[in-house]
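Residue numbers (full-length UniProt numbering), protein chains in the order written: chain A, 1 to 291; chain B, 1 to 291; chain C, 1 to 291; chain D, 1 to 291.
Just so you know, these hints were derived from the structure itself, not from any lab.
Do not take every clue at face value.
[Stated by the list, open to error] Derived lysine-lysine pairs resembling DSS-like cross-links, with alpha carbons at most 30 Å apart: (1) D:Lys252 - B:Lys252; (2) B:Lys252 - A:Lys252; (3) B:Lys141 - B:Lys252; (4) C:Lys141 - C:Lys90.
Bear in mind that the values here come from a model prediction, so they are computed numbers and not experimental data.
There are 4 protein chains.
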Amino acid sequence: MSQDYRCFASARRRCYALLFDHRTRSGRRMETFWIVISMLSVLSLFIESSASDLFPNSPKILLQLGLMEVVFTAVFTVEYLLRLISSPRKTRYPLSFFGIVDLCTVLPMYIIWLMPSLTLSANLMVLIRLLRVLRVLRVLKLLRYMSDAGILWRSLMRARRKLGIFFGFVAIILCLFGGLMFAVEGGNDGFSSLGTSVYWAVVTLTTVGYGDITPHTALGRMLASVLILLGYSIIAVPTGILTAYMSQELEKGRAARSCQICLHSRHEIDAKFCAHCGAVLEADTSQPVEK
Amino acid sequence: MSQDYRCFASARRRCYALLFDHRTRSGRRMETFWIVISMLSVLSLFIESSASDLFPNSPKILLQLGLMEVVFTAVFTVEYLLRLISSPRKTRYPLSFFGIVDLCTVLPMYIIWLMPSLTLSANLMVLIRLLRVLRVLRVLKLLRYMSDAGILWRSLMRARRKLGIFFGFVAIILCLFGGLMFAVEGGNDGFSSLGTSVYWAVVTLTTVGYGDITPHTALGRMLASVLILLGYSIIAVPTGILTAYMSQELEKGRAARSCQICLHSRHEIDAKFCAHCGAVLEADTSQPVEK
Amino acid sequence: MSQDYRCFASARRRCYALLFDHRTRSGRRMETFWIVISMLSVLSLFIESSASDLFPNSPKILLQLGLMEVVFTAVFTVEYLLRLISSPRKTRYPLSFFGIVDLCTVLPMYIIWLMPSLTLSANLMVLIRLLRVLRVLRVLKLLRYMSDAGILWRSLMRARRKLGIFFGFVAIILCLFGGLMFAVEGGNDGFSSLGTSVYWAVVTLTTVGYGDITPHTALGRMLASVLILLGYSIIAVPTGILTAYMSQELEKGRAARSCQICLHSRHEIDAKFCAHCGAVLEADTSQPVEK
Amino acid sequence: MSQDYRCFASARRRCYALLFDHRTRSGRRMETFWIVISMLSVLSLFIESSASDLFPNSPKILLQLGLMEVVFTAVFTVEYLLRLISSPRKTRYPLSFFGIVDLCTVLPMYIIWLMPSLTLSANLMVLIRLLRVLRVLRVLKLLRYMSDAGILWRSLMRARRKLGIFFGFVAIILCLFGGLMFAVEGGNDGFSSLGTSVYWAVVTLTTVGYGDITPHTALGRMLASVLILLGYSIIAVPTGILTAYMSQELEKGRAARSCQICLHSRHEIDAKFCAHCGAVLEADTSQPVEK
């Protein structure tokens, strides 16, 4: 019994290393495998949704896609159970971001199997379709490999207070102009409620401009022009904030590269030799190192 | 009598501290209270405007929303009177930006009560709806807390001359191209007047592109392409101006942080220790200090 | 006779100083006068073009606007003749940019008066309307006052080679994708000729997106998505070029400010005292000096 | 025979110098000639595609355009054969980018001549039209002259990893929101398949906003607003990345300019004299040198 348990514990450890540890070669291969499977399952969703257009003459294709769906669900279920069992701390994985995503990925099929009556309700079908779409999020695991994502993320994090204030200010402008247009256009031309008017203001300020709701009175058009020119000016603000911080981060990256012989720092990120003593510089640590 | 007056003066001082002084904890709590009330009143406006869609089967909801409106008006009236009484200099508060906003917030209900005949006129109803929407501006008080807004504001202020010239130049381009399109398309396809053509030019130059007015002649389309490519080039100008100033402001912020022991300056904004002597740096004064 | 001529020459000199020299107070007042007149004449054009909408019940307003048009033409004619006479070098003014603009401003009315038969031709009416719109360009004289425009202009000039290459590259992409869409959509959905397809590509790449011409086939939508994402990436290029040059220009402006006492340079543009010796810095010469 | 061969070899060398070597004056003149011919052939394509609109009364123009097409094909065939023969390494030119472009340029006419039956198939006509459009790519040869393109290209190359991660992240967001909208709108209002929904997400996130597919439910509009505001924030990211790298490249350009007398470096790119010793600086080598 103790032998069995030790054997099981060892298997669990190895399973954990395989599924969670990206520092080993086998772990990274396993991760690549899961990401490829996820991408295939997303591709299958795409094909299924437009199957009637793509293959109008072969109703069999829908059956085959349904079969693939079952296979994908089975594979993802196995993955989820393995991860659940091999994770040493019981509550950590199922409550993590990717744990919840993995659970959402397998749920829809089981809901349909176990409670077929639910599929009759339109609202629950929307929920099931939503859960299936979340499968896309599995591909996000890819980003964990990319160390360059760090500089973007740090710039975003350091700029988050300023961006937050900016978007608070934008939200007030949106409500104000949405309200003004609702008051001026008075229910005509699609400005049927405050909510719709704010939706129009979002579409306009960000220069998307669908054109499904447009002002038709002279006063409304003037107000719209003011909002558009305002949007044109403030579109620059997040760009300015992010650019300033990103320049600083890149500058920091340069400052951090220092020669280990003469301690001269501030080398270019892609420099290979020290500009001061000619010694070979170590590889830039912000680039991923291939083992 | 003198006792009464002293008592009243003391109450007024305390009331002033509560309503206008954001440095005390009670003052900040009071401010938070008013902002939450303002947000709720804005939310109530939103629900009211689409009540017939959201609750098609319950006409009672409109009555309840009307009641809430009365309560909000009462609360805002009390706030306005308290602020008016407690402000030491009589004309300062009612003529300030937020004083006018607070007044606009309470007016609509009283106009409807005192002069119900006005509501029959469509134009005055538009005015009343406009006044109600201004309630959104109360939320702007929130920005006063955010010291990070300062850096954005200072960049904007220092760039205002260059931005002004830029928008003057843009205005001339808009009139010119609006006029050219009016001459070329000659009243067809929505280009019915110079004003409408300039509205089209605004929508086009800023890349909003509703599509409610579009050129249909070959010459008009060429002119539109020139205007669009022009807009594509000059969209960069305000971004460039603001980014350059914002970088300078951030740089200034760094330059301003100096160690009090060895007087070494230019520390990173989020540095905690002096890079030169290792002394603990004081907290960044541009961050709000929690007392 | 010599007396007369001397008198005339002196009047011409004074007239020249008044009309062309912006360094004197009277010259600047005169310039302001002409710009205000120009703006009024542009405003009158706007009112005229939508007179039937604004004043549906008063046909007399058109007559009054016609009268104002005559007055404006008379005033501009007097200005043009005065400038022509007072300019010392005969060919310089009439061949300058503003000389041609001033001529275009007065021509339309005389064409209509002298050759009324021309107004029957639709093409010539377009030309006359075009000439009238050029009146907007008179307002550009305003920009000559604004010394801050210099920094924008210098950045644009220094970046013109890079911007030129960029737009050449964009032109090739536009022709290529316009041609591909024309080949793929094959004359349907508005893609009726190569010219129209390139117009669609312009509207799409620059994110204007009118929606008057949109792809409807799956392949066309994929191509459009590629073009859009390409546009999304390269929208950054002119911004990046201009921002980099504008930062350099601002930096140069700082470097140029040096203390006349201790010769310390690189002061902030809005610094009032030398950071090194405390001497009062002279006013920033890039700001316009009020005499 | 040996004489003949030497003569041929010499002719081939001279031909190679003429066609491939842009350092000689005659080589550059020849290149200019081919680019002008390419532009004319593209222009002829444009005229042909809208010939029925431009010249409704002259059916002869189509014949003339067809004749020009034959002439262009003949000229391009001669160029291709000359380049093929004169290139010393046999496989290098036909497998290079411009070799393939040159081949595609001449193919369509020969396909139509040799296999006229193919033109009956709609799909092959699309292919032939595609090949003809590739003629635009010949103009890209122009970019090889422009040394300023280098700075743009190097910035793009150095930023390619970060841009790649960014677009990977954008692709996931597009699939996610496309899927959510497909689930929410459920096949209505144009959201007919996952592919179409992702196309909508591309059009929306990049602020193009055609308006051919728009949400009509309240939940759909909220989701669209979130996607739009997300797009508004992240539109800044590629701008920030490119601007930061482009600033560094320009800075490098400055750093690289050093006086050959006193070795003082970091001169402005357009400086003509050394700021330190007054010696004449050599011309900026990043500008093309006219011989």
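- Query: Between D:Lys252 and B:Lys252, does the CA-CA distance stay at or below 30 Å?
  - Reply: Given that 30 Å is the threshold and the Cα spacing comes to 24 Å, the pair holds.
- Message: Given the hinted pair B:Lys252 and A:Lys252, is their Cα-Cα distance within 30 Å?
- Response: Judged against 30 Å, a Cα distance of about 17 Å means the pair holds.
- Item | Straight-line alpha-carbon gap B:Lys141 to B:Lys252, limit 30 Å | holds, 27 Å
- Message: For a C-alpha distance cap of 30 Å, please report whether C:Lys141 and C:Lys90 respect it.
- Response: The given pair, whose Cα atoms are some 21 Å apart, holds under the 30 Å limit.
In the structure shown, no violation is registered for any of the earlier numbered hints.
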